[in-house]
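Residue numbers (the working numbering), protein chains in the order written: chain A, 5 to 353; chain B, 145 to 428; chain C, 1433 to 1726.
Simulated from the structure, these hints should not be mistaken for laboratory data. Only a predicted model underlies this, so the values are computations on that prediction, with no experimental measurement involved. Misleading hints may appear alongside valid ones.
[Said to hold, decoys possible] Sample of chain A residues at the chain C side, in silico, Cβ under 10 Å: (1) Leu16; (2) Tyr18; (3) Gly70; (4) Tyr132; (5) Val262; (6) Met308.
Built from N, CA and C at the ideal position, the CB exists for glycine as well.
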Amino acid sequence: MSINKKIIPMPLRYIINAVLFGAFLYIMNHIISSGIISKYYSGVISLIGIYIILAVSLNVATGYLGQLPLGHAGFMVIGAYTSAIIMKSVAAGSTGVAFPFALLAGGILAGVFGLIIGIPALRLRGDYLAILTLGFGEIIRVILLNIDNVLGFTLTNGAAGLQKIPKTTTFLITFICVGITIFAIHTLMKSRHGRAILSIRENEIAAEACGINTTYYKTLGFVVSAFFAGIAGGLFAGYIGILSPSDFGFMKSIEILVMVVLGGMGSMIGSVLSATVLTALPELLRSFERYRMVVYSLILVIVMIFKPSGLFGTYDFSLNSLLDKLILLFKGKRKNGQKNNEIKEGAEK
Amino acid sequence: MSKPKREPVKLVPVPSVNIIPERDVDKTPILEVSHLGIDFGGLTAVDDFNMAIGRTEIAGLIGPNGAGKTTVFNLLTKVYHPTRGTIMLDGRDTGGMNTIQVNKMGIARTFQNIRLFKDLTVLDNVLIGLHNEMDYHLGGAILRFPAYWKAERIAKQRALELLSIFDMQDMAGNLAGSLPYGAQRRLEIVRALGTNPALLLLDEPAAGMNPSETSELMENIQKIRDTFQIAIMLIEHDMNLVMGICEGICVLNYGKVIAKGTAEEIQDNPKVIEAYLGKKKEEN
Amino acid sequence: MNMSLIISQLINGLQSGSVYALIALGYSMVYGIIMLLNFAHGDIIMVGAYVAWLAMVNFALNPILAIILAIAACVLLGVVIEKVAYTPLRSSPRISLLITAIGVSFLLQNLAQLVFGAGSQRVPAMISGPSLTIAGQYVSFTAMITIVISVVSMLLLTLLVQKSKMGKAMRAVSEDMGAAQLMGISVNRTISFTFAVGSALAGIGSVLYCCAYPQASPTMGSMLGIKAFIAAVLGGIGSIPGAMIGGFCIGLAEAIISAVGLSVWKDGVVFAILIIVLVFKPTGILGKTMTEKV
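Next comes chain A alone, as it looks inside the complex:
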């Protein structure tokens, strides 16, 4: 197998993707704002975007780094509360401007917590890490419930939770965040830093022997994962309008894990598609709601027993590679004899 089949040159590949994504945003935004699809369905689409970010970010820690954190909802709730508290304190007129900053603040705080929990957790082997992050998620929940008693003023509002959070999450801002998340994680993973993260999943001892600072890269993977979960949390707060700690328990972490596992640990496209389907399905089939968690748990068991690599394995979709193949096929049909030369030429570019 040759490694170099890129026919479309590199800068153009990014431009093609950017243009197509921009067109998708423009068309969808137009459809939603002109009221062609109902407000309910446009809400579902935003929710899909939020879950895409959650699944793709968990995939960094699970699929790429090879760890099993069970506290992803914990990072999400930190982002959600941070963003919600900021948004509730800004003037009604400027919520639109403040929202991106609130999201960023939520992401950063979640990332900081990722660092705090990651440094001790990542020294441990797989299942200990799982239980420790699970514990972390629960501690966050307990803190959110009781912190007001300690502080003496209302910050998280205990079990009642936060209400009347400005509903600033729109289709556009959600999917811009989706785009940024996917781009950043993709470019990270296709770099020396990303390869270092993958090497830890593959064989930690060999990674160290290659001079890779495994502690640093484990923590990095963990922090990146937490950061984007925090962003998704902020979007969720602006989407739903009310937050209570009980919505972000262990169950939520598992829901996100199901998406990653079903799509295939280590596959970005897998996470995106399974997040889309698993978010849309219960919203579209209301009667499904009753059986949702039963089906989710069955998915986990059945996928692991029969197809542990998930639906997509570690396959990653690339539009440009597809175009490359189409171009090759087309050229190949025209001048079959020269096909090999064409490949070689492509390789030299």
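Using the hints, position chains B and C against chain A.
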């Protein structure tokens, strides 16, 4: 983690270090190990291990199974921290360092039980070896700064060059785990070379290879030494390989050095014969 | 706070600690043998509680029969889970096995919710007897019986593991599965047996738990299970006395926190204990270190 306690080095000349080749004589040896030892609980796995390797020497470490050969490699690469003794690399003490720091200083290794990044491509395996040879930072990677493109292009070229030592450049896109056994061993060597070592440790590089593959490997090991001008230390059970290419050989038994010298000296050493074949029964 | 209140809290702590210890043993044994954190273990307890409830309320069976049925159901469930969900994955990466265990745990919880509803059911008293007054201190019968039964179970288990042929097989398999197989030990049977014993202890734990908190609910097993696992980690995973020490420590810690009026922080503190143990002594109080061979 606390620094391992090391006993002060005794100021006595190290008895019979390995043979340092003529061309390295006036330089500091790349590796000087003195009085190295490690205990696991009550068991002494390696004791009073002394050795020196010249800058372009190929040295062999042999001995029966369980003699402590791989343990020596693990000590040199700081997978285990020594209980006693010092390891000097290029005149610098590696005490208190970890695997990563020692690798950055110039020790690279392969593993007895192959440890490749199986689900990644051959090229990615070598690129991971080249990790510290690239220097663009995280932001530059995510935002795709020009530094990223430049470093990646150079690294990829370098990786393909390294693969071409073993004529493996055409397999660059294959998954490492899908390679045949011999190719996996060769890929581990290439990956180790990627880290730009001064000393390459090979743990049974010929294990599982057929005779023609082994003789090809022998040529390649010498080729690597000559092109990269590095020292190579290898553990091997294939005596043809060891006797054929090693300039100095060290024989280990029960964690202790029982003989050192050239191939000829080792072959005739009664202690070595005894270690491998057992003691001749005294008659009468 | 007076002395008798402190002592009664300590007894409460020992009582819940005994239950944790019994459950912790199941985690510890399974972890010792197939290196799996059996997430479903806590939910086996939940099933045990529902079986006891069904037997006593719906079928009006006598308490002894209900107890036997509950324990039998736990054993059966434990072995079935092992055969159906874990055996096919024995050679898979650990992460797959762990995800499967989480899946099984959730499946049990959600099935219970579907069948019995989300609310909790009251389990009638299964064990009753005269309460005691020792040195002026009131001790309930259930607290006493709980502590006694768990200590006796632990001693029996130690005997089983140390003296019996099956116990020897269990130790061999947990040391080296391949070598044990070559020595003619049936690995499958040994692992199933381990799950059976662990689940039986969970069944006993379930009955004793219902004596203290007479309720069955779909999610009762998850927090109980996690705390028991923390007890196992604290005591040192793979160690029988360790599980007991860990269980008592967690039980007492909870009792003390409740006694000083911080019961809302109870779960948080237990997890904090876990984090501290994992960071400073990951092998627990009595555990042994395991290193990967290079």
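So, going through the hints one by one against the coordinates:
1. Leu16: violated, 38 Å
2. Tyr18: Violated. Min distance 33 Å.
3. Gly70: OK, holds: Gly70 (chain A) within 10 Å of chain C, min 7 Å.
4. Tyr132: At 6 Å from the nearest chain C Cβ, Tyr132 (chain A) passes the 10 Å test, so the hint holds.
5. Val262: OK, holds: Val262 (chain A) within 10 Å of chain C, min 8 Å.
6. Met308: The hint holds - Met308 (chain A) has a Cβ within 10 Å of chain C, the shortest such distance being about 4 Å.
Hint compliance for this structure: hints 1 and 2 are not met, and every other hint is.
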